[in-house]
Amino acid sequence: MRSLGSHRPWVLMEQAPAHVNWRERNATKGPGVMRLGSYQAVARGADGIMFFQWRASKAGAEKFHSGMLPHAGIDSRVWREVKALGTELRKLDGILASQVQADVAILMDWENWWALELGSKPSNDLHLLPQLLAYYAPLFKRNITVDFAHPESDLSRYKLVIAPNLYLVNERAAENINRYVQNGGTLVMSFFSGIVDEHDHIHLGGYPAPFREMLGLVVEEFAPYTETQFNSVCTTDNMQFKCSLWGDIIHLKSAQALASFEQDYYAGSPAITRNRFGKGTAFYVGSFPEQSGMDWLMDQACQAASTKAVAPHSPAGVEFVRRSNGTHTWLFALNYSEEEVNVPLDQPGYELLSETKFDKSLRLGPRDVAIIQLLPQA
Amino acid sequence: MRSLGSHRPWVLMEQAPAHVNWRERNATKGPGVMRLGSYQAVARGADGIMFFQWRASKAGAEKFHSGMLPHAGIDSRVWREVKALGTELRKLDGILASQVQADVAILMDWENWWALELGSKPSNDLHLLPQLLAYYAPLFKRNITVDFAHPESDLSRYKLVIAPNLYLVNERAAENINRYVQNGGTLVMSFFSGIVDEHDHIHLGGYPAPFREMLGLVVEEFAPYTETQFNSVCTTDNMQFKCSLWGDIIHLKSAQALASFEQDYYAGSPAITRNRFGKGTAFYVGSFPEQSGMDWLMDQACQAASTKAVAPHSPAGVEFVRRSNGTHTWLFALNYSEEEVNVPLDQPGYELLSETKFDKSLRLGPRDVAIIQLLPQA
Amino acid sequence: MRSLGSHRPWVLMEQAPAHVNWRERNATKGPGVMRLGSYQAVARGADGIMFFQWRASKAGAEKFHSGMLPHAGIDSRVWREVKALGTELRKLDGILASQVQADVAILMDWENWWALELGSKPSNDLHLLPQLLAYYAPLFKRNITVDFAHPESDLSRYKLVIAPNLYLVNERAAENINRYVQNGGTLVMSFFSGIVDEHDHIHLGGYPAPFREMLGLVVEEFAPYTETQFNSVCTTDNMQFKCSLWGDIIHLKSAQALASFEQDYYAGSPAITRNRFGKGTAFYVGSFPEQSGMDWLMDQACQAASTKAVAPHSPAGVEFVRRSNGTHTWLFALNYSEEEVNVPLDQPGYELLSETKFDKSLRLGPRDVAIIQLLPQA
Numbered sequence: 000m001r002s003l004g005s006h007r008p009w010v011l012m013e014q015a016p017a018h019v020n021w022r023e024r025n026a027t028k029g030p031g032v033m034r035l036g037s038y039q040a041v042a043r044g045a046d047g048i049m050f051f052q053w054r055a056s057k058a059g060a061e062k063f064h065s066g067m068l069p070h071a072g073i074d075s076r077v078w079r080e081v082k083a084l085g086t087e088l089r090k091l092d093g094i095l096a097s098q099v100q101a102d103v104a105i106l107m108d109w110e111n112w113w114a115l116e117l118g119s120k121p122s123n124d125l126h127l128l129p130q131l132l133a134y135y136a137p138l139f140k141r142n143i144t145v146d147f148a149h150p151e152s153d154l155s156r157y158k159l160v161i162a163p164n165l166y167l168v169n170e171r172a173a174e175n176i177n178r179y180v181q182n183g184g185t186l187v188m189s190f191f192s193g194i195v196d197e198h199d200h201i202h203l204g205g206y207p208a209p210f211r212e213m214l215g216l217v218v219e220e221f222a223p224y225t226e227t228q229f230n231s232v233c234t235t236d237n238m239q240f241k242c243s244l245w246g247d248i249i250h251l252k253s254a255q256a257l258a259s260f261e262q263d264y265y266a267g268s269p270a271i272t273r274n275r276f277g278k279g280t281a282f283y284v285g286s287f288p289e290q291s292g293m294d295w296l297m298d299q300a301c302q303a304a305s306t307k308a309v310a311p312h313s314p315a316g317v318e319f320v321r322r323s324n325g326t327h328t329w330l331f332a333l334n335y336s337e338e339e340v341n342v343p344l345d346q347p348g349y350e351l352l353s354e355t356k357f358d359k360s361l362r363l364g365p366r367d368v369a370i371i372q373l374l375p376q377a
Numbered sequence: 000m001r002s003l004g005s006h007r008p009w010v011l012m013e014q015a016p017a018h019v020n021w022r023e024r025n026a027t028k029g030p031g032v033m034r035l036g037s038y039q040a041v042a043r044g045a046d047g048i049m050f051f052q053w054r055a056s057k058a059g060a061e062k063f064h065s066g067m068l069p070h071a072g073i074d075s076r077v078w079r080e081v082k083a084l085g086t087e088l089r090k091l092d093g094i095l096a097s098q099v100q101a102d103v104a105i106l107m108d109w110e111n112w113w114a115l116e117l118g119s120k121p122s123n124d125l126h127l128l129p130q131l132l133a134y135y136a137p138l139f140k141r142n143i144t145v146d147f148a149h150p151e152s153d154l155s156r157y158k159l160v161i162a163p164n165l166y167l168v169n170e171r172a173a174e175n176i177n178r179y180v181q182n183g184g185t186l187v188m189s190f191f192s193g194i195v196d197e198h199d200h201i202h203l204g205g206y207p208a209p210f211r212e213m214l215g216l217v218v219e220e221f222a223p224y225t226e227t228q229f230n231s232v233c234t235t236d237n238m239q240f241k242c243s244l245w246g247d248i249i250h251l252k253s254a255q256a257l258a259s260f261e262q263d264y265y266a267g268s269p270a271i272t273r274n275r276f277g278k279g280t281a282f283y284v285g286s287f288p289e290q291s292g293m294d295w296l297m298d299q300a301c302q303a304a305s306t307k308a309v310a311p312h313s314p315a316g317v318e319f320v321r322r323s324n325g326t327h328t329w330l331f332a333l334n335y336s337e338e339e340v341n342v343p344l345d346q347p348g349y350e351l352l353s354e355t356k357f358d359k360s361l362r363l364g365p366r367d368v369a370i371i372q373l374l375p376q377a
Numbered sequence: 000m001r002s003l004g005s006h007r008p009w010v011l012m013e014q015a016p017a018h019v020n021w022r023e024r025n026a027t028k029g030p031g032v033m034r035l036g037s038y039q040a041v042a043r044g045a046d047g048i049m050f051f052q053w054r055a056s057k058a059g060a061e062k063f064h065s066g067m068l069p070h071a072g073i074d075s076r077v078w079r080e081v082k083a084l085g086t087e088l089r090k091l092d093g094i095l096a097s098q099v100q101a102d103v104a105i106l107m108d109w110e111n112w113w114a115l116e117l118g119s120k121p122s123n124d125l126h127l128l129p130q131l132l133a134y135y136a137p138l139f140k141r142n143i144t145v146d147f148a149h150p151e152s153d154l155s156r157y158k159l160v161i162a163p164n165l166y167l168v169n170e171r172a173a174e175n176i177n178r179y180v181q182n183g184g185t186l187v188m189s190f191f192s193g194i195v196d197e198h199d200h201i202h203l204g205g206y207p208a209p210f211r212e213m214l215g216l217v218v219e220e221f222a223p224y225t226e227t228q229f230n231s232v233c234t235t236d237n238m239q240f241k242c243s244l245w246g247d248i249i250h251l252k253s254a255q256a257l258a259s260f261e262q263d264y265y266a267g268s269p270a271i272t273r274n275r276f277g278k279g280t281a282f283y284v285g286s287f288p289e290q291s292g293m294d295w296l297m298d299q300a301c302q303a304a305s306t307k308a309v310a311p312h313s314p315a316g317v318e319f320v321r322r323s324n325g326t327h328t329w330l331f332a333l334n335y336s337e338e339e340v341n342v343p344l345d346q347p348g349y350e351l352l353s354e355t356k357f358d359k360s361l362r363l364g365p366r367d368v369a370i371i372q373l374l375p376q377a
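Residue numbers (numbering that gives the first Met the number 0), protein chains in the order written: chain A, 0 to 377; chain B, 0 to 377; chain C, 0 to 377.
The set of hints was computed from the structure by calculation and includes no laboratory data. There's no promise every hint is true.
[As the list claims (entries may be wrong)] Now the stretches of chain B that chain A is said to cover, found in silico as 3 or more residues with beta-carbon under 8 Å:
| # | region |
| --- | --- |
| 1 | 120 to 129 |
| 2 | 214 to 223 |
[As the list claims (entries may be wrong)] DSSO-like, lysine-lysine: derived pairs with alpha carbons at most 30 Å apart:
| # | chain 1 | residue 1 | chain 2 | residue 2 |
| --- | --- | --- | --- | --- |
| 3 | B | K356 | B | K82 |
| 4 | C | K252 | B | K28 |
| 5 | C | K241 | B | K28 |
| 6 | C | K82 | A | K252 |
| 7 | C | K158 | C | K278 |
| 8 | B | K252 | A | K28 |
| 9 | B | K252 | A | K62 |
| 10 | C | K356 | C | K307 |
| 11 | B | K158 | B | K307 |
| 12 | C | K252 | B | K82 |
| 13 | B | K278 | B | K252 |
| 14 | A | K356 | A | K140 |
| 15 | A | K252 | C | K28 |
| 16 | B | K158 | B | K252 |
| 17 | B | K278 | B | K307 |
| 18 | A | K252 | C | K62 |
| 19 | A | K241 | C | K28 |
| 20 | B | K62 | B | K28 |
| 21 | B | K241 | A | K28 |
| 22 | A | K57 | B | K252 |
| 23 | A | K241 | A | K158 |
| 24 | C | K252 | B | K62 |
| 25 | C | K140 | C | K28 |
| 26 | C | K57 | C | K82 |
| 27 | A | K356 | A | K307 |
| 28 | C | K57 | A | K252 |
| 29 | B | K252 | A | K82 |
| 30 | B | K57 | C | K252 |
| 31 | A | K356 | A | K82 |
| 32 | B | K158 | B | K140 |
| 33 | B | K140 | B | K28 |
| 34 | C | K359 | C | K140 |
Please read all numbers here as calculations on a predicted model, not as lab measurements. Note that beta-carbon positions come from the ideal geometry of N, C-alpha and C, so glycine has one too.
So here's chain A without its partners, still in its complex pose (with noise of 0.2 Å):
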């Protein structure tokens, strides 16, 4: 949501105070998971947190969505919790118009998404939101914000830029993401990639034509695994993790492999390679590689582009996000986890919503949240 607007202030526009109801099975929020989410928008980004629906209505198809105001009235925890947090918003005015800054970029085309997911495809089992998600999570782990972004826009301001299966490109995007490259950039791009321009017409010449100079291979044939197929690969610093879906078969031209196939017929040969272009540094990736694998290659990806996380030795299961004003500095640090865990401070800080000073850590227990102004070190 965020990146839809091109880093304009923006509001979360609508979110459920407890249950909705059009899922099957309708689970509730229990205590603190509205909250929770609340401020997760907030900490990426959000100036205002919005729902729907005010009271919960008696009649009509929404009539089983929650409301702020629901059937059993104000003695309701549902209506307790919305009152809490619209207390403790006003401590927060100070955040407002401060923005998120991130150094990835995630790829993400609507024209792409439609083209990829039509029929006749080597895989229709090939889908775009996992794809993004496989290469999102990682990051997500090790938090390190990720922006998504538009082949076509300017990708200047990150450090390192992924490409998950971008299928189809027009002629604009593939020189704008060549030239990031040329530029000193950092690029990861996933296998069927650069293959269709608009009008899905195949990019002739060699897969992927409009990428082949910049990733410094061709790519023969593909590949694609039955549901039952799978491959797996080894990687020149000895990491073997499997592959499922899609095999490329691989010719480098100035590219080196760090990984390579080992089974099927094309044993032996590249699945995942680096090249550099111009100053910058192209990574391919030919198979979609298990958790494992996807977790070693964002390490590779990141450190090629000097990407750092935004809190380097925080607990599991806690978020850490980033705002800032050009003045002020604020961390977020969101508690998923059911456990109270201990928040190491790297500078000393003022949390706002106890309105308490810490120094070098601070306590924050199940499904809580700290918002720290940073101070300067003493």
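Given the coordinates of chain A, assemble chains B and C onto it according to the supplied hints.
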């Protein structure tokens, strides 16, 4: 079927002599199964047993539906079984127009069924028939005969009334049910009852508004469970059982808790309650207990209502039902098992099919039936 | 395909050089697979091998269907394999217009297929193709070449005719099949055959009315099995195997039981029978045996029909087929396995692709093929 006619005489209009033709795989009725099913209908009040179809058709969509006269002709098991049944039925003329007496009713209303299973509900996996069956099964197992009754019908004849998921109730039905308890009846009502009126509009004022006083409680919110989510309850007499599908957050007014939830943010709050209201007793069940829980619950309710089994010491797999015409009473024993069983008799009787008098007990072969005209104690 | 043309010359009109584009996941044909499949068609009678498509399209719904000339151009495995095959085929001119000789036919009739799979059947899970395959597979494994034949066609050329689930038969077909057995043929007919005429009207007079005399039995009723129901049979030579889908209640007239059911109310009654009729023999199969039962049954039938394998001592995974033009005979050996195998030869021959003479045996690599012009015994 018996309950649809409000205690007037009825006949079984259609049954298949052997197999039907509208399932994916139409298994046939093996030897004795059609006869046993026929007597089940008679036991439960039918004054006649009719078949579809006389002669298996030569052509058309129903040519593979069984007929009394199969394609194979009269040198066939099916024809011989139909003929034998016809001969036997002559012995049962005395039973005609006698009535089945039930002390228990399950409330069943088509309007509620339709409304309950419309979409956009807290849980769309809440279906009426499995709930009815979950309450019916332990009663069937205990040989307690059950009627189905409309919520607006005269309930005064029943010792125990069960209202599973009576989501939609109009004012007349609500008054009728409340009056039934007030006047000394015993009611078991389950979660998501009394929620809307006949226009599918919420009964405002706290769930379940029309029954809050009678049940002695208020339900603050619903916590439907996902497919992988469960809870468990512990009763005041230390029974423990699993619950699925739904949890109500219940606040007691005059009711007392019989069982409490053990997990989630409402752990310790009531799951099953009992309330005195006027001369009667109302149970409320705020979740969907597993079978052992339903057994426990029905034992509590039957005890409170002084409901008695037709044949308390009956062997497993044998159903007992009574028909009576004021002068005579007939005890039907139907052996659904594949074992010969011993049927103890509380009083002597004359078995109509074998034309034999039995004093203390009789033997019943697999799939066999006994129809015993009870005689005065010696 | 060969059988559709009634023994006239034919060509394979379309095959994919590598992958298709109409499956959910379009795995490609690895090295050697396209060549092996091409020679399979030639072995079974094709006089030509054609491809869809020449050049992989730049646009349209079939742009990810493989072409002889892939998007990658001529520096590609697929192009090289297509070119190599074209070069090789020149060596096979002598084979043109020669014929495949089969001693066995499976009856296959589109009218029956349609009628059998219309709804409202005893079992709607009875589909024709899995049944055909269940009879075909053991013959394929034994290197016994099989034609498919229409029920009204001249069957006198076959030693063995198999009629799986020939539900619909008109008078001409019935007479034709009965005459075939009368004149000395061997027939295997399976359950639910001879049930209706060409108007889908029951052949009255006891199932299967048109074949009762020839089979020497009558089927009183059908007992289709549910998904979780099975039976087992025991043969007179003490083989035991599981049956699924269907059981016929069979009464013997002149036939003798070769196997009997072991479970359910018809335990002990015949499941598989044999009958002498005129100069021939008719087997009847009143259920659907598991694979070991089909093996046993086909051994019985082939023995009764004196049917012989093309290559009796062949290694597993290798298919043998013969083509002949009266003057010369060619033995095709197709290695579907991933192992190199030793192929024993009954007589010396000249292998056309390697242009080499072999006396006693030859070696065949994974996915390799040999086309041996047989020479007179030394």
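Hints, verified against the model:
Against chain A, the region 120 to 129 of chain B contributes 5 residues with a C-beta closer than 8 Å to a partner C-beta. That satisfies the three-residue criterion, and the hint holds. With 7 residues carrying a beta carbon less than 8 Å from a beta carbon of chain A, the region 214 to 223 of chain B meets the three-residue requirement, and the given coverage holds. Simply put, B/K356 and B/K82 have alpha-carbon atoms about 25 Å apart, close enough for the 30 Å limit, and the pair holds. A threshold of 30 Å between alpha carbons decides the hint, and for C/K252 with B/K28 the separation of about 26 Å falls inside it, so the pair holds.
The straight-line distance between the Cα atoms of C/K241 and B/K28 is roughly 22 Å, inside the 30 Å bound, and the hint therefore holds. Pair hint C/K82 plus A/K252 holds up; C-alpha atoms about 26 Å apart against a cutoff of 30 Å. With a C-alpha separation of about 12 Å, the suggested pairing of C/K158 with C/K278 holds against the 30 Å cut-off. Annotation: proposed proximity of B/K252 to A/K28 holds, straight-line Cα distance about 26 Å (limit 30 Å).
Among the hinted pairs, B/K252 with A/K62 is consistent with the structure: their alpha-carbon atoms are about 26 Å apart, no more than 30 Å. Using a Cα cut-off of 30 Å, the hinted pair C/K356 and C/K307 holds, with the two alpha carbons roughly 26 Å apart. Our distance criterion of 30 Å between C-alpha atoms is met by B/K158 and B/K307, whose separation comes to about 10 Å. For the hint pairing C/K252 with B/K82, the CA-to-CA distance comes to about 26 Å; that is within 30 Å, so the pair holds.
At roughly 18 Å between alpha-carbon atoms, B/K278 and B/K252 fall within 30 Å of each other, so this suggested pair holds. A hinted pair counts as satisfied when its Cα atoms are at most 30 Å apart, and A/K356 with A/K140 qualifies at roughly 27 Å. Taking the CA atoms of A/K252 and C/K28, the gap is about 26 Å. The hint holds against a cut of 30 Å. A C-alpha spacing of about 25 Å is found between B/K158 and B/K252, which places the hinted pair at or below 30 Å, so the restraint holds.
Under the criterion of a C-alpha separation no larger than 30 Å, the hint pairing B/K278 with B/K307 is consistent with the structure, at around 20 Å. Only pairs whose Cα atoms come within 30 Å are accepted, and A/K252 paired with C/K62 is accepted, the gap being roughly 26 Å. A distance of roughly 22 Å separates the Cα atoms of A/K241 and C/K28; the hinted pair therefore holds under the 30 Å criterion. The hinted pair formed by B/K62 and B/K28 meets the criterion: a straight-line CA distance of about 17 Å does not exceed 30 Å.
A hinted pair counts as satisfied when its Cα atoms are at most 30 Å apart, and B/K241 with A/K28 qualifies at roughly 22 Å. Distance restraint check for A/K57 and B/K252: the Cα-Cα separation of roughly 24 Å lies within the 30 Å cut-off, and the hinted pair is therefore satisfied. Between A/K241 and A/K158, the direct Cα distance comes to roughly 28 Å. Compliance with the 30 Å bound is thereby established for this hinted pair. Proposed proximity of C/K252 and B/K62 is supported: the alpha carbons are some 26 Å apart, at most 30 Å.
As the CA atoms of C/K140 and C/K28 are separated by approximately 23 Å, the hinted pair is consistent with the 30 Å bound. A distance of roughly 22 Å separates the Cα atoms of C/K57 and C/K82; the hinted pair therefore holds under the 30 Å criterion. Our distance criterion of 30 Å between C-alpha atoms is met by A/K356 and A/K307, whose separation comes to about 26 Å. The hinted pair formed by C/K57 and A/K252 meets the criterion: a straight-line CA distance of about 24 Å does not exceed 30 Å.
About 26 Å separates the Cα atoms of B/K252 and A/K82, which keeps this hinted pair within 30 Å; it holds. Simply put, B/K57 and C/K252 have alpha-carbon atoms about 24 Å apart, close enough for the 30 Å limit, and the pair holds. With a CA separation close to 26 Å, the supplied pair A/K356 and A/K82 stays within the 30 Å bound. The suggested pairing of B/K158 with B/K140 holds, with an alpha-carbon distance near 18 Å, which does not exceed 30 Å.
Simply put, B/K140 and B/K28 have alpha-carbon atoms about 23 Å apart, close enough for the 30 Å limit, and the pair holds. Under the criterion of a C-alpha separation no larger than 30 Å, the hint pairing C/K359 with C/K140 is consistent with the structure, at around 23 Å.
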